[in-house]
Amino acid sequence: MEGDIAQLGQFVGAGLAAIGSGAAAIGVGHVAGNFLAGALRNPSAAAGQTATLFIGIAFAEALGIFSFLVALLLMFAV
Amino acid sequence: MGKIFFYVALALVLVSGLVFAPEKAELAIHPMDQFRVSALFGDNISWYTPTNVTLWMALAVAAVFALLVLGSSRRAIVPGRAQSVAELAYGFIYKMVEDVAGKDGVKFFPYIMTLFMFIVMANFLGLIPMSFTTTSHIAVTAILAALVFVTVTVVGFVKNGVGFLGLFWVSSAPLPLRPILAIIELISYFVRPVSHSIRLAGNVMAGHAVLKVFAGFAGALGLFSFLPIFAITAVYALEVLVAFIQAYVFTILTCVYLKDALHPSH
Amino acid sequence: MASNTQEAAQGGGSAMPQLDFSTFGNQIFWLVVALVVIYLILSRVALPRIAAVLAERQGTITNDLAAAEDLKAKAVEAENAYNKALADARAEAQRIAAETRAEIQAGLDEAIAKADEQISAKAAESEKAIAEIKAGALESVKAVANDTAAELVTALGGSADADAVAAAVADQTKG
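Protein chains in written order, with the numbering used here: chain A, 1 to 78; chain B, 1001 to 1266; chain C, 2001 to 2175.
Calculated directly from the structure, the hints in this document are not laboratory data.
For each residue, glycine too, the CB sits at the ideal point set by N, CA and C.
It cannot be assumed that every hint is accurate.
[Said to hold, decoys possible] Not everything, but these chain B residues come out facing chain C in the computed CB check (under 7 Å):
{"no.": "1", "residue": "1069"}
{"no.": "2", "residue": "1070"}
{"no.": "3", "residue": "1113"}
[What the hints assert, rightly or not] Just a sample of chain A residues kept apart from chain B, beta carbon distances all over 12 Å, derived:
{"no.": "4", "residue": "6"}
{"no.": "5", "residue": "16"}
{"no.": "6", "residue": "57"}
Make the full structure from the sequences, and use the hints.
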């Protein structure tokens, strides 16, 4: 019984941690959307900023990956 | 009329799917089994045992060799297919290093090219079904990131001496804020290798686990397995993109960190 | 649930193989081997070769561009020469035309002058002949007047003294 409750907490916690992935998705969408908006305003400057775009996406995504990792740890490693 | 037919057919399919579903349709999904390290011969794993890690890393090395050495062996002025790809990869990374890290970063180009080629080849080889993805392991990516971290720190101190610490002292901020910013910068500097490594391993691991989960659904759904198979196709396409993007991101972040070491002015 | 991890380390369960520390040494060793091999391949063979190929291609392209530039300059030169020749020829033609025109004009002038001269000579001759004829006619008129006067005098019953008649006629015709 005690183990069951612990497992329940584990799975609920994993599910909650997975919300972070969705938040990261919002962040990545925000970065990409703003880049596109800027790129359409000034297409000639867009080509030079793709590296910045990917760095921004990578930073936004890293935190989502962290939460995904927390979920995985809760599921499989705790 | 056609709409009604469509719905009737859909209902029939649904019912038949339930009727003919496999008896033992339990969801036995083990998405993490694909990452297991196993010895090629025998059971014992010591530090030098040839394992599937060895096999797939050797294949990655062979792929790099085939692309960059065999591909360019004809030294043609008008390149063939393999040579074009090799030159494209060379030009891509060279330009990245030059643009991001600056002119004096170019002498680290072979090092960065090594990282990029290894990661991109390991990622793509890992997308072959039934294969083992070496870059999905935190041990591997942590070593890659730690190599970058140590290199960048050593280069920073060798190039700039104590001036490298100016990276943490934000001279454009108001004076009372600077110690706080210095602490934040210091923490962010030491978190770099963590995020650098977990980003790569996490992306690759997540994508492969999702593929495996959908594959488990496909096994359990009987006639409806076409739905997860469509999903697998879509996710696989995304994973091909991610395999390249993550290698690119790892490389460009290496360049960015290298730029910080070479030119620490904030 | 910590025992789960231990189980996984033995090859069972569904734990994360990524956290199985017993395989870390193995992975790190082979990773370092792979990286060193790739680094050696790249820095010794692949990158210098690709750099050489790219440099060679760049050189070829530069040479070809220079050759093309040369050929273009030559073409421009040839066109200039052609234009110059054309202009020269046109000027020459104009010159020849002007010369010919002047020659023709000169010949024409000469012919006109000659014709004028001939015409004036003829006119002078004709004038002279007319003057002679006029003089001859005057002489004849005097003789006829004399004769007619003498006849008239005779017919009126007088005696015609030739000298008096001539003087009277000359006196009458003069006025």
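Here's how the hints hold up against the structure:
1. About 5 Å separates the beta-carbon of residue 1069/B from the nearest beta-carbon of chain C, less than 7 Å, and the hint is met.
2. Interface hint at residue 1070/B: violated, since its Cβ lies 10 Å from the closest Cβ of chain C, which is beyond the 7 Å cut-off.
3. A distance limit of 7 Å between C-beta atoms decides the matter here; for residue 1113/B the minimum to chain C is near 6 Å, and the interface restraint holds.
4. No beta-carbon of chain B comes within 12 Å of the beta-carbon of residue 6/A; the shortest separation is about 20 Å.
5. Residue 16/A, annotated as away from the interface, keeps every beta carbon of chain B farther than 12 Å; the closest lies near 17 Å.
6. Under the 12 Å C-beta cut-off, the non-interface status given to residue 57/A relative to chain B is violated; the minimum distance is some 8 Å.
Consistency note: the structure conflicts with the earlier hints numbered 2 and 6.
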